[in-house]
Amino acid sequence: MKTLLLTLMTLCLFTLNFRAQAQEEFIWLDPYRDTDDRIDALLKAMTLEEKASQLIDVSEAIPRLEVPKYCWWNESLHGVARNGRATVFPQAIGMAATFDKELIHDIATAIGAEARAKFLVAMEMDNRSKYAGLTFWSPNVNIFRDPRWGRGQETYGEDPYLSGQMGLNFVQGLQGNHEKYLQAAACAKHYAVHSGPEEDRHVFDAVPNQRDFRETYLPAFKTLVKEGDVEAVMGAYNRVFGEPACGSELLLDDILRKEWGFDGHVVSDCGAIEDFYAHHKVYPSGVEATAAAIKAGTDLNCGKVYKQNIVAAVNQGLITEKEVDDRMRNLLATRFKLGLFDPAELNPYNKVSPDTVECETHRNLAYNAALKSVVLLKNDNDALPLKKDIKTLYVVGPNANNSEVLLGNYFGVSGHMTNILEGIVSKVSLGTSINYKQGILLDRPNNNPIDWSTGEAASADACIAVMGISGLIEGEEGEAIASSSKGDRNNMKLPENQIAYLKKIKSKSKNPLIVIITGGSPINLTEVAEVADAILFAWYPGQEGGDAIGDLIFGNASPSGKLPITFPKSVDQLPAYDDYTMAGRTYRYMDVDPMYPFGYGLSYTSFSYDDIILSKSSIKAKEDLEVTVKITNTGQHTAEDVVQLYLSEYKVKFDAPNHSLKGFQRIKLAPGESKEVSFHISQEERQIFDDQGKAVDPKGKLNITIGNASPMKRSNELGANLKTTTVKIL
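With this note's numbering applied, the sequence shown corresponds to residues 102 to 831, in that order.
Derived by calculation from the structure, the hints in this document are not laboratory data.
Errors might be hidden in some of the hints.
[What the hints assert, rightly or not] The list that follows gives simulated cross-link-like pairs (lysine to aspartate or glutamate, EDC-like), each with its CA atoms no further than 16 angstroms apart:
1) K405 / E389
2) K281 / D443
3) K609 / D552
4) K611 / D483
5) K281 / D364
6) K382 / D301
7) K488 / D652
[Stated by the list, open to error] Quick list of simulated restraints, FRET-style, between CB atoms:
8) P449 / Q311: 36 to 46 angstroms
9) E578 / K170: 26 to 36 angstroms
10) T421 / S779: 48 to 58 angstroms
11) T729 / E422: 57 to 67 angstroms
12) G418 / D138: 25 to 35 angstroms
13) T457 / N817: 38 to 48 angstroms
14) D135 / E578: 42 to 52 angstroms
For clarity, every value in this text was computed on a predicted model and none was experimentally measured.
Note that beta-carbon positions come from the ideal geometry of N, C-alpha and C, so glycine has one too.
Please put together the full structure from these sequences, using the hints given.
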C-alpha cells in the first residue's frame, strides 16, 4: 500500500512539474508576461522552416506550439471589405471631399468595431480565411497626382496635407486608443511614389526629384507614422530610384525606421517580391529577392516567395537566422497587440456585439458622409433645390437605378443600399408624376435606335440625368473589366454617348436639366456644363448615397463637399502620365486654369469672409503664428462650409509650390449666423524643400489665404470667397 501511495505521489509531482515546465515553455500564451519575453520564447521554440511559414500572408498553424493559422490580408478602405455584410461608407475619395477629420475618425472607429465583431463570429465558426482577420491594408495615402490613374479613387486626393490629415484620423479611429490592445491594425500604403500607370506598376521605376520626393510623395506617410503610430506600412510594386520599393534600404530602413522611428511591421504588396526577379529583373531568382527584401526590412511577404526561399537564403549565407527573427519579431508584436494569443475576455475590444454591424449609428455615419461628400459644381439660376411638389419629373441615365455606382472598389456589401433613383423617389411628393427610363447604355451607343426617353424627359418640369462612370471603367489592374488600359482612364471625357444624350434632351427643352455624375476621378465636364443647369458630383457614395442625394436635390440639406482633386479641362492640360515630377500637376504646381479647382464646391446659401486677423504682422523663422477670420452665412439656407487656409508666394531661389493647404475646418451656420475660425501655423508647416530635398524655412513676405477654395484665378472666376493677407518672416 505504501509503495502504491508513493508511486501515485511521484506520478502526481511529475505531472505537476511537467505542466509547470510546459507552461514555462509556452510563455507566449501567458498574457501577464512581458511581450518581448513572450516573443523571444516563441522565436526560440520555432524551427527556421516554421518561421518561413509565418512570414507570408497566410501564416500557417503550428499545432505543436499552439500557434493558430492567421490570414494577414484584409481590407477596409471604406468599410470592412470582401468579407460579407458590413456598412458601406463612401469611397475614400468621397470621404476626402467631406474635409471632415472628425467624421472620418468616427467612420474608422465604426469600421474597426464591425471588423472586431465579424472576427469574433468568424472565430466561433473556425473561419480563418482571407479577409476575415484584423490586419487591414488601409488607408491608401498615395498622392492622386494624375486624374488618369484608375486607383486614385482609393486615395484622399492630390494634396499631401489633406491626405495626411484624413489618413491620420482613419488610422487613429480604426486602431483605437487602448494602451495595450489594438481594435484593428491599419496599414499605410503603397510606400512610396506610387500612382500609375496601372499597366506598368510591376516594372516601373519612379525617379522623382528630391524636392518632389520630400514635399509631395512622403509627407502623408510621415504623418501616419509619426503622429498616427500606424501599425503597418505596405511597400509598393514599383521601383524607387532604381530599387524595388519592398527591397529599398533607403525607404524602409533609412527613412521609415531610422528617420521616422517606425516600430510596426512592413508588408509587401501582393506579388511585389516576385516582381524583383520576374518583372523588375534586378535579382536573378527568388532566393536573392528574398534576401534583399529581408535585409531591407520587409517583414511580411504577400505571396509565397519567402516560404519557398528563406531556408535556402540562410543556408547560402545571404541572410542570417537573426535577420529572419527580426522580421518575425515585428509581426508577432502586431499579433500580440491584437490579443490573438490572449484570452478573449482580457481584450476590451472583444466586448463588441454582433449587432454593431450595420447598426443605425453606423448607417447614420454613412448617410452623413455621403451627404457631406457630394460636390455642387454648377447651379445656374438656382436650378437646385427642386420643389418636392414639382408636377412632373423625369429620371434618366445608366447610373440612376444602378447600385454598382454606390460601391467603388475594395467594398463590402450591405442589405440596406439605396440607389440614386430610389433616393429621389423617396423624397418627392406623392402627387408628383415621376417617371424613369435608363435611356442609354453606360459607355457605348444603344443597339436599338428607337428613342422613347429624350422627348418625355424634355417635356417634364425637370429632368434628372444620372450619368458618369463606374468600377467597370476605372479601378485596379484586373478589376475594371470594361477598361482597355487595365483600369486607368487615358481619356478623361465622359463617354461620348452620354454627352450626345444630354445634348439631345436639352435641345428639346428649356426646363431644368440636373446632371448627377458618379465616378472616382476627375472627368472632363466642359461639354456637360454647356447644357446642364446644375451639376452634382456624387463620387461612389456608399450604401446611403441615394438617400443623401435625394435630400440634397429637394433641399432637405445643402451641398457642402469640396473637391479633393483638381478637375482639368482635358488631358491636354496634363504632363505625361508616366512622368513623376510634379511640375504642372495639381493645384500646387499648375500654371493653367482648370475646369474646377481643388477645394471648390458650391452651396445653396452664400457666405462672406471678413479680413484675416494675424496674431503678429511679422514673426521670426522659428515662431508660430495664429490667424483668425470671421465667416457669416449671408443666404437663406442653413449650411456647412469648409474653411481652408493656404500659404503662397514663397520667396526662395528654387521652385516652390504655388500654393499649399495647411489647415481646414468644417463649420455649420444658420442664416445670418457668424463664427470665428482660427488656425495655428507652425514653423514646420511653413517649411518647404529645396532641390536637394532639405527642409528650408522661408523668409520675407508670405501670403496667407483663407477661403472656401484654393487660391487660383479660376476659383475667383467661379465666385469662391478668398481673403489674403501677408506676414513678414524675419
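Is it true that the CA of K405 sits at most 16 angstroms from the CA of E389?
holds (14 angstroms)
Is the hinted pair K609 and D552 satisfied, with a Cα-Cα distance of at most 16 angstroms?
This hinted pair holds, its Cα atoms lying about 13 angstroms apart.
Determine whether the Cβ-Cβ distance between T729 and E422 falls within the hinted range of 57 to 67 angstroms.
At 59 angstroms between Cβs, range holds.
Could you grab the alpha-carbon distance between K382 and D301 and see if it respects the 16 angstroms cut-off?
Measuring from Cα to Cα gives roughly 14 angstroms; hence the hint holds.
Please verify whether K281 and D443 have alpha carbons no more than 16 angstroms apart.
holds (12 angstroms)
Within 16 angstroms, alpha carbon to alpha carbon, are K281 and D364?
Answer holds: K281 to D364 is near 15 angstroms, not above 16 angstroms.
State, for the Cβ atoms of T457 and N817, whether the hinted interval 38 to 48 angstroms holds or is violated.
holds (47 angstroms)
Checking one constraint from the list: CA of K488 to CA of D652, max 16 angstroms. Satisfied?
holds (11 angstroms)
How does the Cβ-Cβ distance of P449 and Q311 compare with 36 to 46 angstroms: does it lie in that range?
At 45 angstroms between Cβs, range holds.
For the range 26 to 36 angstroms, tell me whether the beta carbons of E578 and K170 fit it or not.
The hint (26 to 36 angstroms, Cβ to Cβ) holds, given that E578 and K170 are roughly 28 angstroms apart.
Outcome of range test on Cβ distance (D135, E578; 42 to 52 angstroms)
holds (44 angstroms)
Indicate whether the distance between the beta carbons of T421 and S779 respects the range 48 to 58 angstroms.
holds (54 angstroms)
The structure is consistent with each of the numbered hints, conforming to all of them.
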